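Asks: When you get a sec, could you build the whole thing from the sequences and use the hints?
So that you can map any letter, position 88 of the sequence shown is 88 in the working numbering, and since no number is skipped, the others follow by simple counting.
Because the hints were derived from the structure by calculation, they are not lab data. Nothing here was measured: the structure is a model prediction, and the numbers come from that model. Take every hint as true, because none was put in to throw you off.
Below, a list of computed lysine to aspartate or glutamate pairs in the EDC-like style, where the Cα atoms sit at most 16 Å apart:
#1 Lys158 - Glu208
#2 Lys158 - Asp38
#3 Lys158 - Asp35
#4 Lys91 - Glu210
#5 Lys158 - Glu148
#6 Lys158 - Glu210
Pair by pair, the computed Cβ-Cβ distance ranges are:
#7 Asp182 - Glu82: 36 to 44 Å
#8 Leu117 - Ala144: 31 to 39 Å
#9 Pro51 - Gly151: 35 to 43 Å
Glycine included, C-beta positions come from ideal geometry on N, C-alpha and C.
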Amino acid sequence: MFVTKSNKYTERTVRNRVFGFIMNKKMNHRHKFADCYDMVCLFGGLVFFAPVALLVRTQAGVSESEFFLLQALLSCITALGEVPFGHITDKIGYKNSLILYQALLLIARALLFAAFLSRSLLLFVVEAVVEGAAFCFASGTSSAYLYELHGEEGYLAKSTRADNFSTAGFIISTLSYVLIYDSLGLQGLLAATVISGAICFTLSFFTERELFLRRQAYQKQCSRRMALSNHHCIFRNSNAGRTDYQPSRSPRCKAVKAASDSSFRHYLRCCIRDFRSIVLRCSCDLGDAPD
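Replies: Right, dumping it as structure tokens:
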């Protein structure tokens with residue numbers, strides 16, 4: 001097969017068009033109106049008891065001085081846990097940290113609801129500790145997560161849009177506070193907040209993984225394939241006192257071996273084709289040369 005300039009240009013044009021189509025598709029996916037992370041921010045902003053946070057505690061028997069002590073405990077837990085929880089975030093990734101944040105925040109709101117119903121000061125203390133631990137996971141993680149996904153160019157637009165969704169959720173919860181409080185009271189406000197937290201926790205599992213987790217999953221997949229391709233069954237012969245290695249006969253190992261053999265054959269065919277085209281081109285040049 002002769003390799004001409006027109007074939008090269010056609011192949012290059014097709015490759016560029018395909019690459020441009022894929023990039024445009026990715027950019028359109030990232031710049032659509034709302035994704036799963038935006039919905040997490042929206043439902044995370046639905047804190048229906050926020051306008052009466054002090055009233056929730058005082059109605060359960062907590063004095064104002066105890067309320068401010070609980071807020072001080074919350075701030076201390078958050079300040080002391082910044083460094084160790086940040087180290088955990090570096091180990092497990094940003095998305096997993098955000099999932100843990102939503103889980104702990106849901107537990108804290110459920111404890112607040114239980115403390116309000118039981119009028120227990122101990123549950124209010126546990127709720128403050130759990131909420132402080134949740135804020136430790138969230139501190140700086142959202143910004144790093146968005147920067148890792150969208151880079152320097154798309155970070156500002158994405159973070160602004162996420163903040164807008166969070167603000168919209170807070171405004172919706174503030175406006176609907178009057179209706180819920182008139183019909184269901186403080187218990188309705190706390191229950192609605194727990195429900196929105198459960199939805200937010202569920203949606204956090206469907207957010208996009210950052211590049212760190214993608215790279216880690218790819219490395220695990222590659223190491224698993226290497227382990228399967230190099231897997232051998234060891235049979236010990238007690239009479240001879242030696243160990244014989246025989247290739248594994250599992251269908252999975254056979255499939256991996258067949259895939260590797262086919263890729264090697266394809267590589268050899270490409271090399272032979274390229275060598276043949278070079279020889280034919282040189283022979284044509286020698287035939288066209290003057291005597």
